[in-house]
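Chemist: Could you slot chain B onto chain A? The hints should help.
Those protein sequence lines, which keep their order, are chains A and B.
Just so you know, the first sequence maps onto residues 3 to 433 in our numbering.
Just so you know, the second sequence maps onto residues 2 to 351 in our numbering.
Source of the hints: derived by calculation from the structure; they are not laboratory data.
The calculated SDA-like cross-link candidates involving lysine to any residue, where the alpha carbons are at most 25 Å apart (straight line), are:
1) A:K363 <-> B:G319
2) A:K340 <-> B:F215
3) A:K199 <-> B:A199
4) A:K219 <-> B:D281
5) B:K133 <-> A:Y433
6) B:K329 <-> A:F371
7) B:K211 <-> A:G368
8) A:K219 <-> B:S283
9) B:K329 <-> A:G328
10) B:K187 <-> A:N269
11) B:K133 <-> A:P360
12) B:K168 <-> A:G368
13) A:K363 <-> B:L160
14) A:K340 <-> B:L212
15) A:K363 <-> B:K159
16) B:K219 <-> A:V366
17) A:K363 <-> B:R165
18) A:K340 <-> B:P205
19) A:K282 <-> B:Q200
20) A:K340 <-> B:K211
21) B:K248 <-> A:S359
22) B:K211 <-> A:H342
23) B:K163 <-> A:Y433
24) A:K219 <-> B:T351
25) B:K211 <-> A:V431
26) B:K219 <-> B:V346
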Amino acid sequence: MRLTLRKFKVNQVNFGTKTEFRNGALWINREELTSLLEEEKRFEKVDIQLARPGESVRIFQVADIIEPRARLDGGDFPGILNKTVTIVGNGSTDVLSGSAVVLVDQCGNNCGAMHDCAGNVIDMSGPGAEVSPYGRTHNICVIPYAAAGVDPTTPEFKIASKVAAIKAAVYLAQACRGLEPDEEEVYELPPLSEVTKDMEDLPRVVYVFNFYRYFFKNEPIIYGQAFSWLPSVLMHPNEFLDGAVVNSYLNANLSSPASMDTYEIQNHPVILELYRRHGKDICFLGVIPTVAQVEEFAVDSQTNLAIKLALTLGANGAILTKAPGGSPQMDVANFAKKGHELGIKSVLILDDIAARSPDGKYRVNGILFSDERAGAIVNTSNINEQIILPPVGRTIGHLAPGADGELMRLRSAIMGQSGQLGNTYMVEVEY
Amino acid sequence: MLKPLRVVQYVNQFFGQLGGEEKAFVEPHVKEGPVGLGLATQKELGDGGQVVATVICGDNYVGEHLEEAIDIMIELMRPYKPDLVIAGPAFNAGRYGMAAGALCQAVQERLGIPAVTGMYNENPGVGLYREKVYIIETGSTSKNLPEIIHRMAKLGIKLVNKERVGKPREEGYFSHGFLVNELSDKKAPERAVDMLLAQFRGEPIEPELKLATFDQVKPAPAVKKLNEANIALVTDGGLVPQGNPDKLEWMAATKYVTIDISERDHLKGGEFYANHTGYDTSEVNDDPMRLVPLDVLRELEARGVVRKLNPTLYSTTGVATTIEYSQKIGSALAERLKADGVDAVILTST
Chain A
3 MRLTLRKFKV NQVNFGTKTE FRNGALWINR EELTSLLEEE KRFEKVDIQL ARPGESVRIF
63 QVADIIEPRA RLDGGDFPGI LNKTVTIVGN GSTDVLSGSA VVLVDQCGNN CGAMHDCAGN
123 VIDMSGPGAE VSPYGRTHNI CVIPYAAAGV DPTTPEFKIA SKVAAIKAAV YLAQACRGLE
183 PDEEEVYELP PLSEVTKDME DLPRVVYVFN FYRYFFKNEP IIYGQAFSWL PSVLMHPNEF
243 LDGAVVNSYL NANLSSPASM DTYEIQNHPV ILELYRRHGK DICFLGVIPT VAQVEEFAVD
303 SQTNLAIKLA LTLGANGAIL TKAPGGSPQM DVANFAKKGH ELGIKSVLIL DDIAARSPDG
363 KYRVNGILFS DERAGAIVNT SNINEQIILP PVGRTIGHLA PGADGELMRL RSAIMGQSGQ
423 LGNTYMVEVE Y
Chain B
2 MLKPLRVVQY VNQFFGQLGG EEKAFVEPHV KEGPVGLGLA TQKELGDGGQ VVATVICGDN
62 YVGEHLEEAI DIMIELMRPY KPDLVIAGPA FNAGRYGMAA GALCQAVQER LGIPAVTGMY
122 NENPGVGLYR EKVYIIETGS TSKNLPEIIH RMAKLGIKLV NKERVGKPRE EGYFSHGFLV
182 NELSDKKAPE RAVDMLLAQF RGEPIEPELK LATFDQVKPA PAVKKLNEAN IALVTDGGLV
242 PQGNPDKLEW MAATKYVTID ISERDHLKGG EFYANHTGYD TSEVNDDPMR LVPLDVLREL
302 EARGVVRKLN PTLYSTTGVA TTIEYSQKIG SALAERLKAD GVDAVILTST
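The following block holds chain A by itself, in its conformation from the complex (with noise of 0.2 Å):
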């Protein structure tokens, strides 16, 4: 499998007469996106915005983020866009990289009325810019309303507004179509009986992406599937990188916390980071996705798929990473334990949970388990902490009282702070 991003960079985005990339800039007809995305029956229509790095506005209610990416077969997002067999992973794609579609969602991603609605939020500009990647790309943003008769707070409306900013990112990066990109890079692992030739010495490395267990039946994570329960699968990097897998929704009438997006999973921050070590460090067997469990026994058997599979492949290293929230904790620590064992040695990347105290401050962090041979943890920050974002000149996002002031988030609500996946250089230390 060889994968070939050819990335544009952009440096500028705007509104025009026709949706074309010219020396850096993005230009978007914008009712030719909009009427595209209209064909969706449960809109009344949608609304695009454009963020831009460095202005005082403010994304609100962000539901996802989705990096422009089109495969130059036209087959993106097999199983969402099209149900057409398309292998992804291999072959050219082209990368409107510094840009991202930002789906806003009607209810805030917090349908209770009891809810703050201003949900999970991006700053262009101050504090919150700083703390996430999506503060320096253009962003487009896609705002879709219900049609008539269509409850906003239901799994098909948020799933069509999830396909309708795929739409977006796929319409907007075949603007690329036919020209040469800034740069090109080129991702490939050779087949499993013949990765390890010459790196006979190396650690031997999987890696474990836990996901969340599906809230929305029908709601499109894996090829268009959702997953409650996987068999043991391997998937090579380049799937992720390439359109197979998007990030779910968590809860259907609550936040979904801010830890994760699709973008991030576009741009895998431990599988670039796996390939950049691949043949100096060690050497990258593959992925094994993994979906957090409830039930003690569910836990514990769907680690035993993953670690079966894990020694298979002759594995003896694992990275690991989980789905978001406190309980999947439970799911990697065992494929850790289990491991140790059986000759694995695995490293956890977690972020924290940590209570805080009346004081202000944090004490006691959020781990739920108590086992040594789970003990070689990355952390990537305590997600709970409070930060003050100062107001802005505009916003983005459907009606919320009061959302352009001083807006009080805990960095879970800020989109790419990378509680998960771990593309950040932020860490919890104890003073």
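Modeler: Chain B in isolation, oriented as in the chain A frame:
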């Protein structure tokens, strides 16, 4: 040239070279310049600082009159206009450690200047004062004294100059126990691969999060006769009446709320809901009795399987709650349940 730092040293009778246990009742007093261990501090400071006075107090005296001794020592120090106080190190001496910790805290609060002490990790002063005071970790005895003094002085000078203090491990002090977000020089995945490689090389690793520790709780004895028992319903699933009149938090709860069920056989969706960020609440919102089995308990009550269902249901939110508040809520609930005359609880968690 900077003005040399003015340092006051605190020592016990032994390190003040008055003698051993027989001098442990010596009252607080001050001597000009460095005395006893103060000489080692002076040597460490060199030309950069001066031990302007040494305050000496016997361990028995301070052990029996802690507050009074601290008051006196603060007033003894004040005329010397110190920039920094170095207390001890106290190593494994309990009374000395407690005094050094209390003195450092008082110096910070009343003289408004930094203070540093040093102790062995089993000294009771560590647990009591580490959150408020910088305590350099020492061995149990005065071995490596010059190195300990070096660390104490170095940290003290940083505090005086308001320089950034490094991590506990780097500077050798007991952490205050505060978790703080900061930037690392490498991204998380890079550190993860580095940590993995260290394991393969057989090197020690430095985990970035501590593992959990749990209290051991002895289970209550089983209920002997259920048909004579008063049963209460308690949940941490965030159940509240519509409108959430008592304003139960949806995460990081600080309290519990009460729901009067004395007149109820059912809890209906719409009338009650789950105010909780930690799980998908839609099923509970449809039927709150799948969180608290009121219907089933009423049936068991009618059949005489249980004697009585407690008229009050207690509810809190169990997600991202601090240990402090969990303990407070738990103890308060236990008191209420005892006052209600409850024999057993069905505690539904989510």
